[in-house]
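Student: These are the residues of each chain, in order.
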Amino acid sequence: MSTATAARPRTRIAVIMGLVAFAVYSVAPVWWLVVAATKSQADLYTTNGLWFAEFRLWDNLRGLFTYQDGIFLTWMGNTLLYGVAGTAGMTLVCVACGYGLAMYRFRGRGVMMGAIIGSFLVPGALLTIPSFLLYTDLNLVDTPWAIILPSFFSAFSVYLAKVYAEGAIPPELLEAARIDGAGEYRIFFSVGARLMSTGAATIFLLGFVGSWNSFFGPLVYLRDQHKWPVMLGLYSWLKVKVDNSTDLTGLVVVGSIISLVPMVALMISLQRYWRSGITLGSLR
Amino acid sequence: MNRTHVSALAASLTLVTALTGCGAQEPAGPAATASGPVTVTWWSWDESKFLDPVVAKFNATHDRIKLKVVKQADNPGTAANLRNVVAAGQDVPCLVKSFGEVPGLVGEGLLADITDAFRPYTTQGLYNEASYAGAKAGDRFFGIPAGFSPSFMMINRAVYDKHGVAVPKTWDDVIAAGEKLKKHGVYVMNLAGEDPSTLVNLVQQAGGSWYAIEGDSWKVDFLSPASLKAADVVQRLVDGDLVANQTYQDRPALISYFDSGKMVSLPTQTWQLGNYELNFKKSLGDWQPIDLPQFADAPAFVTPAHGGALLVPKGCPHIEEAVAAGVWMTTSKDAIDASYQQDTKQYSWPGAVPDPSPWIDSAVPEKLFGERRGEAKDVILKATKAGRDPWVVGPNYTGVFSELQDQWAKIVTKEITVRQALEHLQKFTVDDLKSKNVNVRG
Amino acid sequence: MAITAGPRAWRRTAALQGASFTVPFFLGFVLFSVVPVVLALRESLFTQRSSGLGFGPKTIEFAGLDNFLRGLADAKFWAGMGRVGLFAAISIPLIQVVSVVMALLLDAASRRVAARFRLPLLIPYMIPGIVATLIWIYLYSPDVGPLTPFLALLGIDADFYSGELIWVSIGNLMAWGAIGFNMLIVYADLQSVPREIFESARVDGASELRVAWSIKVPMIRRSLVLTTVLSIIGTLQIFSDPMLFRSMTPETVTRDFTPIMAIYDWAFAQGDFNYAAALSIILALVVGAASAVFYRLTNKAPTS
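Residue numbers (my numbering), protein chains in the order written: chain C, 141 to 424; chain Z, 2 to 443; chain G, 688 to 991.
Note that these hints are calculated values from the structure, not bench results.
Some hints here could point you the wrong way.
Computed beta-carbon distance windows for the label pairs [unchecked claim]:
id, chain 1, residue 1, chain 2, residue 2, range
1, G, Asp830, Z, Gln273, 14 to 24 Å
2, G, Arg757, Z, Asp53, 20 to 30 Å
3, C, Val382, Z, Glu367, 33 to 43 Å
4, G, Pro836, C, Gln411, 57 to 67 Å
5, C, Val382, Z, Ser358, 20 to 30 Å
6, Z, Pro318, C, Gln411, 32 to 42 Å
7, Z, Ser358, C, Val404, 34 to 44 Å
8, G, Gly769, Z, Pro226, 53 to 63 Å
9, C, Asn188, G, Trp900, 43 to 53 Å
10, Z, Lys415, C, Val382, 49 to 59 Å
11, C, Val382, Z, Gln236, 40 to 50 Å
12, G, Leu752, Z, Pro226, 39 to 49 Å
13, C, Thr206, Z, Lys282, 48 to 58 Å
Source: prediction; values computed, not measured.
Beta carbons: idealized from backbone N, C-alpha and C, even for Gly.
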């Protein structure tokens with residue numbers, strides 16, 4: 141709380157006003173989504189988008205959970221599996237790598253950083269066919285591993301982890317631990333990982349949201365629709381109207397709101413990692 | 002892409018063996034079950050509710066061949082996935098819902114020549130002969146004809162009557178109606194800037210084609226009399242400001258616009274009617290199905306009927322069986338009946354059969370045409386019988402279509418004339434074929 | 688233990704153990720990222736030729752650098768690059784400033800207030816792209832959306848689907864989804880910094896604005912550089928947003944409107960995957976050069 145009490149009242153008001161303005165810009169457009177979720181398919185297109193028509197939210201929810209024998213729930217479950225398994229593994233692999241790159245000087249380190257940054261530059265369009273041939277050779281196609289395993293190795297997360305490690309871990313602290321006789325692995329788990337908790341939580345959240353919203357990988361590597369994640373499922377529903385005599389946009393709207401629930405829950409459960417006031421003293 | 006190189010690179014990595022261990026093995030492919038029934042895999046991005054009953058019916062009535070459907074997410078996704086599996090040469094499906102023109106896909110090297118397997122079925126009177134052209138590249142079959150959806154027009158009769166405008170019979174009538182309606186702030190048609198199909202359909206209706214095969218060479222002619230006749234209709238609609246330019250992307254605007262009575266004639270096909278029924282509100286019952294307007298000098302009543310195909314990809318291990326299953330799907334009464342939907346009371350449109358009349362009534366929704374619903378049956382049957390398919394495309398049509406889209410947008414916004422666009426496309430197409438080392442004249 | 692072996696050996700052991708932290712990542716990285724890139728690089732050196740009517744099998748020929756030379760002379764490709772480069776030069780600074788201001792505000796607020804606002808500010812980032820598209824198509828719609836009539840009240844005649852406003856429409860769509868992401872990365876960096884550093888400045892009487900500008904901003908320079916470089920890459924490779932507007936204003940957004948759109952068109956419509964691969968590499972080099980220039984300007988080498 142020290143920050144707020146130190147701030148002058150005028151500053152505090154300005155800060156809150158600014159935050160309110162940003163919050164309005166961020167949240168106001170979602171109003172359409174909320175209103176649309178309560179409408180029937182015909183009202184969706186022919187009534188004012190900013191206000192309610194006949195209230196059909198319960199029907200829409202029932203439709204969402206019963207359509208095609210409740211495949212939406214299967215999709216949600218798959219997404220949870222891919223998201224949790226993939227992101228947990230990714231966070232471990234990438235935080236360790238970023239920590240290693242930030243805290244140690246060893247031969248090949250420059251090449252590694254170059255490769256990581258270089259990989260950001262490659263347009264994905266170039267890689268679809270070569271990657272598919274590789275996944276076929278590895279027998280990954282149409283297995284959950286095709287989604288989970290590659291997500292472990294996120295160059296972006298490594299870079300982020302390195303940046304956070306450099307900011308959060310004073311090298312002297314590691315020196316001190318070494319002089320106390322701790323091994324490098326123990327130092328990582330007892331000092332490094334703890335100091336990087338905010339960074340790691342951020343990396344986890346970013347990875348999870350990315351995995352939750354991804355559909356191109358699943359579209360290419362998964363065949364059976366019962367293995368699809370929710371975003372690919374919603375995408376396919378959205379596309380139904382293009383050349384079928386039916387339109388499922390209403391289900392997509394409700395489904396996308398429901399699909400936000402786990403992400404919001406995750407966000408709330410990670411709140412404590414962004415608490416201000418980690419102090420060096422508290423670690424010693 | 003060369004597969005051996007992938008393997009070599011991958012194998013050089015120690016991780017590989019570990020990974021193949023974790024990856025669950027693919028279910029044994031059809032090749033592995035030589036003694037039992039053969040499994041034909043079918044890719045489609047239609048809703049499962051349309052696909053599953055057809056598969057169930059097939060498997061209930063066939064012992065030697067089993068059909069298995071793999072639901073795809075959408076049209077471009079299917080295209081990406083097929084390119085990938087054909088390149089990998091593994092787990093290639095045997096039937097795929099078409100995502101482009103057959104010759105374009107053959108030009109890409111994606112399809113298998115099924116002429117020998119399919120030819121016996123062409124002598125049994127199973128197909129409407131107009132449906133063959135859409136499954137061929139040159140004189141060879143690369144897919145099973147899936148036929149066409151008959152073209153007709155629906156007009157908002159209430160608005161036509163309100164302004165005392167006569168129902169159009171020719172494209173000249175449409176233009177005349179457009180001029181009268183314009184005074185009341187009503188557009189006669191909609192030409193979406195992203196969709197050049199109106200021009201393509203008009204060329205087909207005029208009996209034209211932009212490509213032709215002469216011997217072992219292509220003849221490209223975007224400036225044929227038929228093509229220019231079509232161009233003239235489009236040009237007059239655009240020049241007179243008689244058409245709206247609503248995009249399909251903005252669905253709420255499109256639907257409420259169509260529903261509002263400000264745009265009153267839609268060239269349409271049976272499969273679209275369900276969507277209009279579902280989404281229209283105010284104008285339900287105001288619409289009337291009418292015959293597709295004709296060119297004034299047309300010798301006979303004609304509708305454009307360029308068909309689609311059920312693709313058979315290169316690398317399909319069971320072409321005979323795939324063709325048998327595909328023919329069953331596109332022509333048998335069992336298959337068509339199995340596609341019946343309880344909720345909408347509709348069948349998938351049997352576009353390839355010579356006589357679709359038993360299924361026409363169900364293709365017409367309940368409320369859209371109001372008391373004129375009865376007229377739809379005759380309109381649709383007449384359109385089916387008058388369907389002609391003079392349309393031939395070349396191996397580079399996918400790319401030419403992409404260029405056509407850019408040109409069309411400029412036509413609709415009056416940046417260029419239709420003739421200028423056609424002249425440009427003539428040069429573009431010929432140059433492109435030459436650059437690919439394909440024989441071409443024109 | 689290690690200390691008895693002398694400081695140099697001890698250092699070396701520590702460095703080796705440190706390097707071992709990176710091993711799991713790099714094994715997977717080589718397999719899933721490097722191998723496909725090498726395969727794609729190979730493609731760019733070949734070309735395919737048809738014969739006859741173009742329906743038979745193609746012959747594959749080694750083309751050397753022909754595809755690259757053709758790409759360097761491809762006026763339409765470079766026109767797209769220029770278009771996107773200009774857009775990046777204007778939109779990225781704007782988005783970056785807004786994200787940083789947002790992060791600083793959140794950091795300056797009390798813990799209770801910050802907890803209230805964090806979630807709303809991240810909502811757009813969590814909304815999946817396909818749904819964000821649905822929302823903004825509606826809001827932008829000149830026929831049924833609320834923005835056009837609202838601006839008309841203020842005397843502004845705005846059609847967000849038109850060619851003139853397309854970059855504004857795309858920019859806002861991108862910003863809405865991206866600000867939260869950038870903000871979170873910067874904010875997490877700020878939160879990792881020990882608070883004592885700011886407190887001592889406040890005790891010295893520095894205003895909150897001064898603390899933010901002189902102390903906080905320099906502290907987060909590394910993550911700012913990262914988000915900016917990612918924005919440069921993302922913007923130069925922009926694809927899905929202009930594709931959406933291809934329907935709205937197809938006379939403006941042609942098939943080669945942006946470099947990636949041109950690459951997709953070459954690969955999947957024109958059927959020349961080899962040329963598309965060469966263009967992808969040229970694009971990667973340009974993006975790399977732009978990022979390097981940016982690093983140079985901020986005087987911060989990436990590998991330091």
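Student: Confirm or reject each hint.
Tutor: Verification of the hints:
{"no.": "1", "hint": "Asp830/G / Gln273/Z: 14 to 24 Å", "in the structure": "holds, 21 Å"}
{"no.": "2", "hint": "Arg757/G / Asp53/Z: 20 to 30 Å", "in the structure": "violated, 48 Å"}
{"no.": "3", "hint": "Val382/C / Glu367/Z: 33 to 43 Å", "in the structure": "violated, 24 Å"}
{"no.": "4", "hint": "Pro836/G / Gln411/C: 57 to 67 Å", "in the structure": "violated, 39 Å"}
{"no.": "5", "hint": "Val382/C / Ser358/Z: 20 to 30 Å", "in the structure": "holds, 28 Å"}
{"no.": "6", "hint": "Pro318/Z / Gln411/C: 32 to 42 Å", "in the structure": "violated, 55 Å"}
{"no.": "7", "hint": "Ser358/Z / Val404/C: 34 to 44 Å", "in the structure": "violated, 55 Å"}
{"no.": "8", "hint": "Gly769/G / Pro226/Z: 53 to 63 Å", "in the structure": "violated, 42 Å"}
{"no.": "9", "hint": "Asn188/C / Trp900/G: 43 to 53 Å", "in the structure": "holds, 45 Å"}
{"no.": "10", "hint": "Lys415/Z / Val382/C: 49 to 59 Å", "in the structure": "violated, 28 Å"}
{"no.": "11", "hint": "Val382/C / Gln236/Z: 40 to 50 Å", "in the structure": "violated, 29 Å"}
{"no.": "12", "hint": "Leu752/G / Pro226/Z: 39 to 49 Å", "in the structure": "holds, 46 Å"}
{"no.": "13", "hint": "Thr206/C / Lys282/Z: 48 to 58 Å", "in the structure": "violated, 25 Å"}
Violated hints, listed in ascending order, are 2, 3, 4, 6, 7, 8, 10, 11, 13; each of the other numbered hints is respected by the structure.
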